[in-house]
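Residue numbers (the numbering used here), protein chains in the order written: chain A, 66 to 430; chain B, 66 to 430; chain C, 66 to 430; chain D, 66 to 430.
Check the hints yourself; a few may be wrong.
Below, computed lysine-lysine pairings styled on DSBU-like, alpha-carbon distance capped at 30 Å [claimed, not checked]: (1) A:381 - D:140; (2) D:129 - A:129; (3) A:213 - C:213; (4) B:129 - C:129.
Bear in mind the hints are in silico, worked out from the structure with no lab data behind them.
4 protein chains.
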Amino acid sequence: MSGNTFGKAFAVTNFGESHGPAIGCVIDGCPPGMELSVADLQPDVDRRRPGTSRYVTQRQEEDKVEILSGVYEGKTTGTPVCLLIRNTDQRSKDYSEVAAKFRPGHADYTYLEKYGLRDPRGGGRASARLTAPMVAAGAVAKKWLLQKYGIEFRGCMQQIGDVEIPFEGWEHVPNNPFFAPLADVSKLEAYMDELRKSGDSCGARLRVTAINMPVGLGQPLFDKLDAEIAYAMMGINAVKGVEIGAGFGCVSQRGSTHGDSLTPTGFATNNAGGVLGGISTGQDLEVSIAIKPTSSILVPRETIDLNGAPTQVITKGRHDPCVGIRATPIAEAMLALVVMDAVLRHRAQCADVLPPLTPLAASAT
Amino acid sequence: MSGNTFGKAFAVTNFGESHGPAIGCVIDGCPPGMELSVADLQPDVDRRRPGTSRYVTQRQEEDKVEILSGVYEGKTTGTPVCLLIRNTDQRSKDYSEVAAKFRPGHADYTYLEKYGLRDPRGGGRASARLTAPMVAAGAVAKKWLLQKYGIEFRGCMQQIGDVEIPFEGWEHVPNNPFFAPLADVSKLEAYMDELRKSGDSCGARLRVTAINMPVGLGQPLFDKLDAEIAYAMMGINAVKGVEIGAGFGCVSQRGSTHGDSLTPTGFATNNAGGVLGGISTGQDLEVSIAIKPTSSILVPRETIDLNGAPTQVITKGRHDPCVGIRATPIAEAMLALVVMDAVLRHRAQCADVLPPLTPLAASAT
Amino acid sequence: MSGNTFGKAFAVTNFGESHGPAIGCVIDGCPPGMELSVADLQPDVDRRRPGTSRYVTQRQEEDKVEILSGVYEGKTTGTPVCLLIRNTDQRSKDYSEVAAKFRPGHADYTYLEKYGLRDPRGGGRASARLTAPMVAAGAVAKKWLLQKYGIEFRGCMQQIGDVEIPFEGWEHVPNNPFFAPLADVSKLEAYMDELRKSGDSCGARLRVTAINMPVGLGQPLFDKLDAEIAYAMMGINAVKGVEIGAGFGCVSQRGSTHGDSLTPTGFATNNAGGVLGGISTGQDLEVSIAIKPTSSILVPRETIDLNGAPTQVITKGRHDPCVGIRATPIAEAMLALVVMDAVLRHRAQCADVLPPLTPLAASAT
Amino acid sequence: MSGNTFGKAFAVTNFGESHGPAIGCVIDGCPPGMELSVADLQPDVDRRRPGTSRYVTQRQEEDKVEILSGVYEGKTTGTPVCLLIRNTDQRSKDYSEVAAKFRPGHADYTYLEKYGLRDPRGGGRASARLTAPMVAAGAVAKKWLLQKYGIEFRGCMQQIGDVEIPFEGWEHVPNNPFFAPLADVSKLEAYMDELRKSGDSCGARLRVTAINMPVGLGQPLFDKLDAEIAYAMMGINAVKGVEIGAGFGCVSQRGSTHGDSLTPTGFATNNAGGVLGGISTGQDLEVSIAIKPTSSILVPRETIDLNGAPTQVITKGRHDPCVGIRATPIAEAMLALVVMDAVLRHRAQCADVLPPLTPLAASAT
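The following block holds chain A by itself, in its conformation from the complex:
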């Protein structure tokens, strides 16, 4: 009811605040018998870790994941997997100004109104830092889905601020600090350097995808696979828009163009983005999301204080000039969690009637 659990069959309960003793999550429903160690989780967590380039926040968090339960002799036991990340870089900063004013674009005002009090340290529970345990949980899902079905998840940057990023190939993504599918990122470097100097921030548009998807995942009303994806993506800090397949482009398409033809070797196109009627088609999942500019900026902003009196606020400290950059591994993880949950739920209802989930070419021939 309070909503800190993501998923129903692979249910991840998240806890913690940005500057409390620790953050973490509990995964309930992990299939037993899978080999699992910290080494499976740390690489993805490190991909979203702060302080890895000059284009992201310089906060230095080790983000070391501990597995507190659910694994025995290196294998999952089917009992809850608790993942813990200690907060190490909690600067003994003075939060009195942040506590006394509402920062535009932040959740300061809404948290205070909802709960009657709030933890102002580093954004408290509203911090994007709380996505780190989800990335770790997503890594568990990714491993299982890869082993079981060969499903893989990938994300890349499509646009940063005003700069559209052409897609040259997935192989470039790990080679630059922007998760850009591009060989030469000098233009992005220049753009980001200038942005940082201005003290301002910018938005971003990301693409996330899943390949080797089985057919048949998703509960048509209302837990459609695409509805679950939209929920997961819009739940990531700062996301303001979600598209599946053709997305908003479908508005000006004709039905004769949009509807993907079926052929003996598979669908001819993928305007659907891999989902029809809320159920996976076996095509790649294609998702695009919009991430708003970082709200913590050095440019002075008009606001009010706790008494409602007008004032100004500047957010000092170490902040990402484009939070969208570190969102790529987060979006991948959330997509993996959605697919994982859908697989387990599908098995509950349909395991006995159907042959193993298969892609179109195999099943339709």
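Got chain A; can you put chains B, C and D on it based on the hints?
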């Protein structure tokens, strides 16, 4: 788990198929003591009913709502409210062709793969007809939210196919068959007439909004108000994209522009779309959705049959050339259901700590 | 949240009031592809139907089940199955006295305090009549579990009022109106005839069991199979106690006696009642429940009216002198729903790791 | 779905294994603004801690609770409260024998069959040690319920093995190691000393109660307050039976006796145990539970090994001769969690219609 229930505190369980004996829903969690009769539900259901203009499907369904439970002497009792709509216009059509081929853009293939069988009559469970009970349930939520907080929900068309629709005023919406906020819809009429003649279909973009919103609704992780909205909207048949506030426009915004300033009389702008950190700000909720072109068209399409052999399919029958048109009352209803659920959930946790939910001007002064 | 849904994977949402237009339920999560018709449901519903002997209420309800959705060409489609039972014997009785006084042992007072109003007709939502849709839903589960695993459910009477009923054999149960496992029920007939003449009522103790149980069902914390059974049984109207296996008898047992030894051919005894650590052992489930005396009696009772003033009340009308009698098929149905839910949930998490669920003898050899 | 979360509105997700690094829980839905520190939790946790008398296991666990999240400057923030207890006394014991044989009365066999593997160290997840975090979570609920409504929870021993314990008064309970409501416990001491020498174990019967209960708690179908209590109690390790109010005694009662009369000053009796129609009456909740004898005993038992071959097993180590003794604070905590959840859920649906929840005398006058 199987996903046919929408909401947690105001939980609506949907049932039925397009051409079965009846469709309907059960509302669990409706507050007791509210006056309720069919007269409260029928107007919204009639707004989405087929056959009301030449621009929508000519299927003639009365869509008469019956209240089977949960109301005694004209008041809700707090027990489940079952709403039933009998299917009256089930033409004794021959579905053998539809049953033997997969229609592009439809859920034929995915349902068959998921369940091992499917009901081909009128799209079965995948039909947009299943939104009718949600519109009725949404009307219950709308009535309660209006009485209790003065919250109102409105929707209008922003674009049909290639035609962008300027916003002239909400008062025009009920006066034309397109839900267009526009005095003169002759251009739309001409566009739609031509489209219908071509046997093809087009997409649409809608706006839905809630006014007089209280502050403090939404569960920040993960059942954020915007995440729930995205889930609800993407769960409507044919929706491929969802935006909150600035939406995809935020990608090229600067932080200094996007973050809405707070002033003693309220927020200066609404790029947030009424949600910060997953919690309502008290501003209007602003949501935009993209709806794909109708998949049932007269233009012949390439596809495969049940044996995987290539073939063609034409979808005869009575279909909406733009399903987006009738989606306006559906989107309003789904938004109302999200807000209703958020209010009840908020009360569970926070009822004792806080003063009654209030908008910014009042609370911050 | 409002609790009118039973189960998570095989989720049954119940609706209706005793004297409203209809009662019913929606089953969400039913596996697809199972043959299902009203003929599968009606026999169990008829077993709990009123008016079948002089030892139960003479209310004449046909209790005809209709299937409104989820079945196509005689097979379940995997979509929600709505089961409807019209209320036919709604006597135009004067409920003003019942509405003005609180009947001892009834939910009159608690409903009014909880909801601020109540439906006094025939007990409204608190009527045991609301178990009829659960019996129908249980019949769906029974059919599937029998086909899939050979699991069968049986119930019988162990005690009526002061009369202990020796167990002579299951074959007697359908041959007498008391569900007694006894050839000669003349003693029970005499007891019940006398009770009825006195205008009073009595309690009962029932046994319910499941045979051919698979090993491995149940979620150890907290949705243990026995915890779910206790929840299901205590949720039946008038139940005040639940035992699994040795039950309260375990208090004076020694550990050396209670713990069931394992042998190469199976467990030597069944003090566990078929559950260890919340997970099924493959032995028969053994459950015993206590049902309180009917609260509607002709004997005058002290009570208060709506103003809190002392008064007396007599409950006229057609009532069961021992509600426990008709509870046998209800308890069987609820046990079937618990097992069904546990099977589907088990498949979600463990389907890929394990061989098909097997009983001890087979698996341990 | 996997069931490691208890409650819906005050949802406690439990994690950990007996001999893993740590055990704990995450409370989701805790009302904000309540003062909370470890000092509120430790006393109850200490009451169930092992090693406190010679009548319980000598395992030495400090059971120090840490609050990892959800509290800021000494107050709950409304965000998840993670409670952690490090396992300190994990003896480097040889578990090879336990791992190779199934101990009668234990969950060894069922865990292995369900998950395909199991953690044999100290019972793994099936250990009663996992109730410690629930006791801590229960302490949070107790504090809030006491402050808000004056509700208090109490438990005591009613019977240990063959020794019935007369009720002399609640004041005795904290003064003896048996939670006995009795001044002179010498008879119990002698009984337990003899039992321990025999290497065997015995069962117990406990009473738990809540006083100053509000009227109106509980969701009538199916999350009745008594059904939730039965679920909670049967979910405690080793519980085999649950009674509410008159319990199994109701079987031989007459309706004219069982139904509690209402008078202007309240109910005359409490056969209902504080619940009618699944909703609290405002009377004390009265619950009784049966706890089986400890399965870990020194008496040799017949069993089978992993290959299904017959063998014997003795459970050495430090075990409670009567696990029921330490179950008293556990049962209190679980009852508190049920009531807490019911209060929050009641507020969601009914907060606006009703006056504050009140007991009978006040409301009916």
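These are the hints, each one checked on the structure:
About 27 Å separates the Cα atoms of residue 381 (chain A) and residue 140 (chain D), which keeps this hinted pair within 30 Å; it holds. For the given pair, residue 129 (chain D) sits about 24 Å from residue 129 (chain A) by alpha-carbon distance, which is consistent with the 30 Å threshold. Restraint check for residue 213 (chain A) and residue 213 (chain C): satisfied, since their Cα atoms lie roughly 25 Å apart, inside the 30 Å limit. With a C-alpha separation of about 24 Å, the suggested pairing of residue 129 (chain B) with residue 129 (chain C) holds against the 30 Å cut-off.
Checked against the numbered hints above, the structure violates none of them.
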